[in-house]
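**Q** Residues per chain, in single letters:
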Amino acid sequence: VNKLPEERDLPAANHALRRDHLVSEITRKPTPWFRRPRWIAAFAGGLVIAGTGGAALASNTGGGSMPSVSANCYAAADANANVTTVDAKDGDPIATCAGEWRNGDVKPGVHTAPPLTQCRLRADAAGNPMLVIVPGDTTICAKIGMDPVKPATPEQRREETALGQVTNELVKRFTSRCVSEKDGLAYANERLAAQGLRTWHVKSQDFSTTAHCTNLAFDEPHRLVILTGSKFFH
Amino acid sequence: VKDLPSDPEPTDAELWRRAVEGDSRGFGTLFDRHARAVYNHCFRRIADWSAAEDLTSVVFLEAWRRRGDISRFERDSALPWLLGIANNVLRNRNRSVRRHRAALDRMPPMPIEPDPSDGVAARLDDERRMAEILELVKRLSAADQDVLSLCVWGGLGCDEAAVALGVPAGTVRSRLSRAKARLRELAASHGHEAGECHPALWLREGEA
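Respectively, the protein sequence lines represent chains Y and S. Okay, so the first sequence: first residue is 1 according to our numbering, each after it adds one. Okay, so the second sequence: first residue is 235 according to our numbering, each after it adds one.
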C-alpha cells in the first residue's frame with residue numbers, strides 16, 4: 001500500500017438517478033404530518049393496532065424484527081416544518097425528542113429544547129392513532145386539531161415494550177408455518193403470561209376446516225389479542 | 235418580453251439561492267458539481283464505494299434540510315459546507331440514514347450496469363487499500379481525522395476547512411500540524427522509515 005486510491009465518479013446512471021431523486025425530494029409536497037408511527041408502519045399491510053375503538057384486524061405479514069417505536073418531532077406546530085423521526089422504543093418519546101433538539105438536529109442552529117407536547121390525531125381514515133411531538137404546551141394540540149397525550153407512566157412504557165416483544169414473537173411464529181387454533185391460543189397465552197401482560201387476553205374467531213391457520217390481530221382498547229382463522233399463513 | 239442574458243456559469247451561491255426560492259434545477263446542478271467530491275470524501279472515511287454512494291445522497295438531503303443554516307458560501311463554493319455536513323453524516327451515520335430513510339426508500343432501484351470484472355477488482359482493491367490507510371488514521375482523534383480528510387485528501391485550504399468544521403482557521407492549522415506529527419510517529423512504528431509518513435496520507439497535500 002503506497003497510494004491513496006484514485007478518485008472515481010459516481011457510476012453515470014446512478015449519478016443521474018440520484019440527482020433526479022434529490023430534485024424530486026426537494027420539490028415533494030410536505031409529508032402529511034399526522035402519519036402513522038413507525039411501530040405500526042413496520043407491519044405495513046399487516047398488523048394494525050386500533051387506537052380509538054373497534055377491533056383492527058391484521059394478517060401475519062411483516063418481518064420478525066422487534067417493532068421500532070418511533071416519534072416524529074416537529075420543529076414547529078406546522079405541517080411544513082422540519083420533521084425528525086427518532087427511535088423512542090427505549091424511553092420517553094418527548095425526552096428523546098428533546099435530546100434531538102439539544103443536539104441541534106430538529107431546528108438548525110437551535111440547541112435548546114422548547115417545552116414539547118405529544119399530540120394525538122383524533123382519527124385517521126383507517127382509525128389508527130397518529131402521534132406527533134410539537135413545541136408548545138398542551139393547548140397546542142387543540143390548536144392543530146389534535147388531542148394531547150399524557151406522558152406514559154413507567155408502567156405504561158414497560159407494558160408497551162412487553163407488548164412489542166410479544167407481537168414480535170407471535171408474528172414470527174405465525175408467519176413461519178400454519179399454526180392450528182389450539183396451538184396458537186396456547187402459544188399466545190403463554191407469551192402474554194411470560195411478559196407479565198396479565199390484563200391482556202386472547203380469543204380466537206373464524207376458524208374452520210379450511211380456515212385453519214392462525215393469523216393475528218389486536219384490539220387495543222379491549223386489550224385483546226385476536227387469532228383469526230385463515231387458509232394461509234403469510 | 236425582454237430577453238434576459240443567459241447565465242452560463244452561475245455561482246454555487248446563486249444556484250443555492252434559486253433552489254431555496256423554488257428552482258429545483260439549481261439543486262440538481264449543485265449535485266452535478268459536487269457529488270464527485272462528496273462521494274470520494276465519504277469513500278475515504280469508510281472505505282466502501284457502495285455505502286459512499288448512498289451517503290452522498292444523504293449528505294445532499296441533509297444539506298437541504300439544513301438550508302436555513304447557510305447565509306453565504308466561503309469563496310462562493312458550497313463544497314466546504316457540504317463536506318462539513320458529510321463529516322457530521324459520517325459521524326452519526328446510523329442516525330443520519332434513519333432520518334432520511336423515507337426519502338431513500340422512495341429512490342428507484344439502481345440500474346444494473348455491466349461491470350467488467352477488472353472494474354470490480356479495482357474497486358475491491360481501492361477498498362482494501364483505503365481500509366489499510368484508515369487503520370492508521372483512525373488512531374487520530376476524530377477532530378484530527380476530520381482535518382486530515384478535508385485538507386490533505388479533500389484538497390481544501392485551511393479557511394475552507396474552517397468553514398466545513400465551524401472552527402477558526404488557526405484551529406485547523408494546529409490540528410493539521412498535530413495530525414501530521416502523530417501520523418509520522420504512527421507510520422514509523424508501522425514499519426515506515428523514521429520521520430517519513432505514509433505516502434498515501436500526503437497525496438493531495440500539494441493541491442491544498
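Hint data in this document are derived by calculation from the structure and do not stem from the laboratory. C-beta: ideal position from N, C-alpha, C; glycine also. One thing to keep in mind: the hints can contain errors.
What the hints assert, rightly or not - Stretches of chain S that chain Y covers, calculated by requiring three or more beta carbons in the stretch to come under 8 Å of a beta carbon on chain Y: (1) 271-280; (2) 287-300; (3) 363-372; (4) 389-400.
**Q** Compare the structure with each hint and give your call.
**A** We went through each hint and held it up to the structure:
1. Look at the segment 271-280 of chain S against chain Y: 4 of its residues bring a Cβ nearer than 8 Å to a Cβ of that chain, three or more, so the hint holds.
2. For the segment 287-300 of chain S, the proposed coverage by chain Y is satisfied: 8 residues have a C-beta within less than 8 Å of a C-beta in that chain, meeting the threshold of three.
3. Under a criterion of three residues with beta carbons nearer than 8 Å to beta carbons of chain Y, the stated coverage of the segment 363-372 of chain S is upheld, 4 such residues being counted.
4. A stretch counts as covered by a chain when three or more of its residues have a beta carbon under 8 Å from one of that chain; for the segment 389-400 of chain S and chain Y the count is 0, and the coverage is violated.
Comparing the model with each earlier hint shows a violation of hint 4 alone; every other hint is respected.
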